[in-house]
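Since each chain sits alone in its own frame, please combine them into the complex, following the hints.
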Amino acid sequence: MSTEDKIKYTEDTVDLEGKQEYTITVYAENRIGLLNRIAIIFSKRKINIESLNSSASEIEGIHRFNIVIHEGYEVVRKLARQIEKQIEVLKVYFNTNEEIIWQELALYKVSTDEIAEKVTVERLLRQYGASAVVIRKDYTVFAVTGHREETDALVKALEPYELIEFVRSARVAIIKDSAGFHEKLKEFEAFEPGEELVENEFLEKGQKIFTM
Amino acid sequence: METAQDTIQQNEAKAETSKTLFKGTGSQVLLNGLIEEGVTTIFGYPGGAIMPIYDALYDYADKLEHILVRHEQGGIHAAQGFARASGEVGVVFATSGPGATNLVTGLADAQIDSTPLVCITGQVFAHLLGTDAFQETDVINITTPVTKWNYQVTDAKEIQEVLAKAFYIAKSGRPGPVLIDITKNAQLQLEEFPEYVKCNHIRSYRPKPKVRVEYIEQAAELINSAKKPFILFGQGVILGKAEEEFKAFINKSGIPAAWTIMGEGAIPTSHPLNVGMLGMHGNYGPNVLTNEADVIIAIGMRFDDRVTGRLDKYAKQAKVVHLDIDPAEIDKNVKAEVGVWGDCKETLPLLTNLVNENKHEDWLAKFRQYNQEEIDQVITPELYPTGDEMTMGEVLRNINEICGGDAVIVTDVGQHQMVACRYAKFNNTRSNITSGGLGTMGFGLPAAIGAKYGAPDKTVIAIIGDGGFQMTPQELGTIMQFGAAVKILILNNRFLGMVRQWQQLFHDKRYSFVNITSPDFVALAKSYYIEAGKVDERANLRQALETMINHEGSYLLEVMVGRENNVFPMVPQGMSVSEIRLK
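Sequence lines, in order, name chains A and B.
The first sequence begins at 1 in the numbering used here and counts up by one.
The second sequence begins at 213 in the numbering used here and counts up by one.
So that you can see chain B by itself, here it is in the shape it has in the complex (with noise of 0.2 Å):
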């Protein structure tokens, strides 16, 4: 932990700032520390092994908002929403034991999606560890795997190089979830504190590497030689604030371009260059054409299965040029003809001026000719429906249509997850907030509350399906006393319904226990005092939702949907991208 340069700081450090120590405990030197790292709202909920920093907690209500949740998976899901929204670190308080076991959920989340977070835990007495103390939990070794890093804290004098060092790695180089854990001794500890100072530098840590030329020189080269160039982008792109670079990239070369549900909303739907979605329940063209491109410039996304399909059928005629910061995620699962190692912040702007202005007018035709079949056959029933029941796409064209794509909409996960994905609009950047990687049921309604803490000035949308509600409804009791503005749709088919697609398409039907049901949500949420509203004729549809949208404060709207509605298009498991059906 004590590194040279680290004591070398913090002796500087001490030696500047002797005239101002602070005089406290570990718990107001935390706050404090926060404070400086400009953290302003904390989702969290106490107990006993952090009732210090709590009571420190009780002199900072003017600096520092803080969120109680309703449990902590809720609580770190909305520290989620907020850093996604906001492009910020989201910060989570838990006492030990249960309450630091219920972060797991939420770490293996941010961790797959590389979501900047810093989780405070209490831990019991330094001198209790190993005894199974009163919710005594090895919450280090339980982390490991879903943490960026991890820290046990149990000597107060610790915290400020400890927490400096979070903040620097939660959202340095490739963002993602760190975990401090900070016994209760270290918290009531008092000490004379020097000045805070920020963290810039860990000696065995490189966030972000000095980018190389050649290789930049490599891929342009490849790029300009390409008849058939087609750009896939994640949300690297988002992470690295780099959403103008990117944009000024396509401009230039005029490349088409489709991204990961993770990458959505970094470049407008409406740019010409936007051709969709790609994976599982992509568009049409995205997916049959990765295996038609002759070069794919990767940024910022890292070759999901759910994105590749069969990866010995994906892209084998391509050479992939592959920009990431992450080196470890270059040959990971696809090889790479070009690895750009860097941050595309930096990188995209170098291969700009590189390549060449072009149009590739031909070869976007063919995107436009596959959109116009998906257009046909899926898009236009599932958006326009003449049938009696509503379809979950024309609640999303009617929300278009009334929020004109500025709204935040987070989403929780299955069908109605990728319908919201595929046509929900976006002008801008970090509007698009979902459980990708990980696919956690019950992430929409906590994040989308920390998503509203994180953009105030949205209209934040929580989509989500009868399942998911269910099973972190309880955080309604948080909108309920702490009043995030947040417009909650549950779109219910009555069923768990992805599962169920999959159950009807490859289990010959056998509908095993997806038939969920549900209680009136309408009255849950008014017993919470949250305005709520149902639908179940299209009829009134559009004015629901627009009272949903209108309604000071938080709204919660139910709208009944096809049972037995399918998402297509749909690359089946185990199949190649360009095996896409369609139907």
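Only chain A is shown next, with the shape it has when bound in the complex (with noise of 0.2 Å):
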């Protein structure tokens, strides 16, 4: 991205109080409960959950979440660390959509006579990017995965032909600078962590990676 494009989407996102999306990655204990003692943190503050995915991670037996809340930088930074101080949770990252590639799954269920009269299942496909999971003489289930815009974008293009279910999946992300959690595990695991990892994270600027 140039500097000039990176300017024009920064102001696209962040509106006027500053807020923008931010997606907060969790790696934690799989562990009853802790998916409410997370929420909470949110709730406490009146802070609402846009989007969460609770999933396996790279790492077998460890969670990981994502978390899209529309908030300030300020505001998400302390919520990350309030997060990452429960005893479960090994480890926050917060991130901006540009530092992030994620995907929302979405599937649509529309009669099948409806789009076969009135619009080509060909084109549909096409111009979103869908794919057909069932066609059944009844109705057909087309699936898109992309971002926000491009699933409610095929939402409005079916509205006018019935369309008798929808619903999306929550945000799944990847962040672009991550070199995933294996390292880091190993250091959780070490009675005594070495320095990368017990950093005075807040005060650590020169980081590719955003902690805390």
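A hint or two may mislead.
To be verified - Dumping the calculated SDA-like pairs for lysine to any residue here, alpha-carbon to alpha-carbon at most 25 Å: (1) A/85 / A/186; (2) B/420 / A/63; (3) B/795 / B/583; (4) A/85 / A/183; (5) A/78 / B/414; (6) B/459 / B/580; (7) B/453 / B/423; (8) A/184 / B/418; (9) B/459 / B/516; (10) B/459 / B/436; (11) B/528 / B/572; (12) A/85 / B/545; (13) A/44 / B/419; (14) B/547 / A/75; (15) A/78 / B/516; (16) A/184 / B/420; (17) B/528 / B/466; (18) A/44 / B/651; (19) A/184 / B/424; (20) B/637 / B/669; (21) A/44 / B/313; (22) B/410 / A/32.
Simulated from the structure, these hints should not be mistaken for laboratory data.
In this text, all values refer to a predicted model and were calculated from it rather than measured experimentally.
Given below as structure tokens:
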């Protein structure tokens, strides 16, 4: 991205109150109740979670949450520290949209008759990068993966043709600059973690990946 | 829950101790674990879902002293008092349902005041979970926001590992309350258990970071360049057991130091660099000069709103060095120029090495100047009143004169609390026990009972208002039965005084439901076979206080104080600390 583009992009995404979308990535133990412990950190401050995904990570037994919120930098940083403070949380990252690759999956159920008559399936598939997951006599299910705007666009396109059901998944995101968690985990498991891990993180200015 | 590391530890433990298996119930292995963790005293109340643990406890009377409280809230406040006075982990037992929910206030109090507790609650049988069984409540979810960690045990084989973790988590790093909910089947379950292994590492938890020297250096540089440096210290100094390190730091640097009410007593009241109390009812100089200092060194304190007043007018001219063990505290309320993340027991000596010896005479003189003004306008009239009515301050002055600063003072919440914190003298650390962050009325009496068990050789005085006392008076029963020699001092102004003060100052004296009546406290105490007395005139005050303090065993003294006395100075809510009012 050129600098010019970047500036434009930033202008587009940061609102007047200085808020923008942040994706919080949490590496944690897979433990009952931890989701609640994390969720109440947001609800205590009356902050809405736009999207929340809980899944496996690159390491067996370690869970990865992706949480999307629309907030200012200071607030997100404080939230991240509160999350990382929880006993079973290993590490928290937070990133702006520029710093991550992300996808959401959406499914659309439409009447097969309706679209067969009024719009060609082929056109939908091409134009929206959709795939037909199921085609039955009575309905067809399309899937689209992409950003919010992309999945939203197909909702708009299908509205005139009886969109029977629509569902969109939470965001899943990969941090562009992350080298994964394998090395960090070794540090965590060591009795005396090395400097890299116990850095006074919030003062660490030169890091490529933002932690805290 | 099961982490690779934990499994390894467990397996190793099993391998080593395969010969010394203990065969018994989950309840027995729990009690054995408590003994392994050095627990001697438990505050609790039995009930259906915790009966197997109480059944096992029957055989442990020689090793574990169980204090039967009169209400679970009393139990947890007592455990808090115990922990605060002793520096050990407080332990509470309660049953499921209402027993567990009655702990919530104490958990919230311990969470916000960083008090190490391990609470064990009984729970219905695992197969009944989620069926709305008798006395079933979702205690894990109810307590999640007010615990440092909590866990539900449904299988006895988990008990040892979970208990070991609970103690480690409760007392390490920034301490806090931990709750373990144990289903009845796990309490009853017969198993062969390995030897108990204490926990000293959890891979996802870093209680204490390795200290980074460059931040110490930056902090020292800032401190050495300061003309008007000012130290604000909190309970972190006490929790870190770093009182001596702290003294060495201020003695060398010569920097005036003021305390939050949670930090009070970390250095003696009489220390020449102790310039007094911060915050809403704190001392004049420390509040005003917060907005004149050029470098503020905050140590183990969290810039609570009662300390900072209006935040956008708080210490804007100062560069802040913040030492804290909890990284989430740094930059939370006040931006730090240098954040020194670490245990102050480690960071303070490093900092002391690098700071210059200094005296800061002129700067200290300013504190003295403001102090003189406060003495003339507020302190002398409060401690040596000339009117007929007794003041809370003169009661505290008499206590200081009798005890010489060696008593443990436990307070409840309200005007008497602020007066006690302002005027009580402390020679020793862990002597001021109060509900700071949560402001829990009803804390005082049960916390004092716990404090007496935590510091049995000290005189423990519970100073409580007439309102707060009526929130947990049932714990007189605990004193009656177990004989904790707590001195109960009720400062009775026949009002909910702090709310009344606010109504007077900020609500046009519309006294809305602050007029509270009281029972005959003396008769109430006597009905519990506790000696008691009442004073309503100054002439008898000293003698009555001496009688109370010298009495062997518990004693309740009610002192009638002026009805509409106010606590000053005061930083009105929403105002800057430099706008503190002397009247």
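Quick rundown of the hints versus the structure:
1. Restraint check for residue 85 of chain A and residue 186 of chain A: satisfied, since their Cα atoms lie roughly 19 Å apart, inside the 25 Å limit.
2. Proximity of residue 420 of chain B to residue 63 of chain A is assessed by CA-CA distance (about 24 Å); at most 25 Å being required, the pair is judged to hold.
3. Distance hint between residue 795 of chain B and residue 583 of chain B is fulfilled; the C-alpha atoms sit about 15 Å from each other, no more than 25 Å.
4. As the CA atoms of residue 85 of chain A and residue 183 of chain A are separated by approximately 20 Å, the hinted pair is consistent with the 25 Å bound.
5. A distance of roughly 23 Å separates the Cα atoms of residue 78 of chain A and residue 414 of chain B; the hinted pair therefore holds under the 25 Å criterion.
6. Proposed proximity of residue 459 of chain B and residue 580 of chain B is supported: the alpha carbons are some 20 Å apart, at most 25 Å.
7. With a CA separation close to 17 Å, the supplied pair residue 453 of chain B and residue 423 of chain B stays within the 25 Å bound.
8. The suggested pairing of residue 184 of chain A with residue 418 of chain B holds, with an alpha-carbon distance near 13 Å, which does not exceed 25 Å.
9. Of the pairs offered as hints, the one joining residue 459 of chain B and residue 516 of chain B holds, with about 23 Å between alpha carbons and a cut-off of 25 Å not exceeded.
10. Note on residue 459 of chain B and residue 436 of chain B: the hinted pairing holds, with a Cα-Cα distance of about 18 Å set against a maximum of 25 Å.
11. For the proposed pair residue 528 of chain B and residue 572 of chain B, the alpha carbon gap of about 21 Å is at most 25 Å, so the pair holds.
12. The hinted pair formed by residue 85 of chain A and residue 545 of chain B meets the criterion: a straight-line CA distance of about 17 Å does not exceed 25 Å.
13. Only pairs whose Cα atoms come within 25 Å are accepted, and residue 44 of chain A paired with residue 419 of chain B is accepted, the gap being roughly 24 Å.
14. Between residue 547 of chain B and residue 75 of chain A, the direct Cα distance comes to roughly 13 Å. Compliance with the 25 Å bound is thereby established for this hinted pair.
15. A hinted pair counts as satisfied when its Cα atoms are at most 25 Å apart, and residue 78 of chain A with residue 516 of chain B qualifies at roughly 16 Å.
16. Taken as a hint, the residue 184 of chain A and residue 420 of chain B pair is honoured in the structure, with Cα atoms around 17 Å apart against an allowance of 25 Å.
17. For a cut-off of 25 Å, the pair hint linking residue 528 of chain B to residue 466 of chain B stands: about 23 Å separates their Cα positions.
18. For the hint pairing residue 44 of chain A with residue 651 of chain B, the CA-to-CA distance comes to about 19 Å; that is within 25 Å, so the pair holds.
19. The hinted pair formed by residue 184 of chain A and residue 424 of chain B meets the criterion: a straight-line CA distance of about 19 Å does not exceed 25 Å.
20. Of the pairs offered as hints, the one joining residue 637 of chain B and residue 669 of chain B holds, with about 18 Å between alpha carbons and a cut-off of 25 Å not exceeded.
21. The suggested pairing of residue 44 of chain A with residue 313 of chain B holds, with an alpha-carbon distance near 20 Å, which does not exceed 25 Å.
22. With a CA separation close to 23 Å, the supplied pair residue 410 of chain B and residue 32 of chain A stays within the 25 Å bound.
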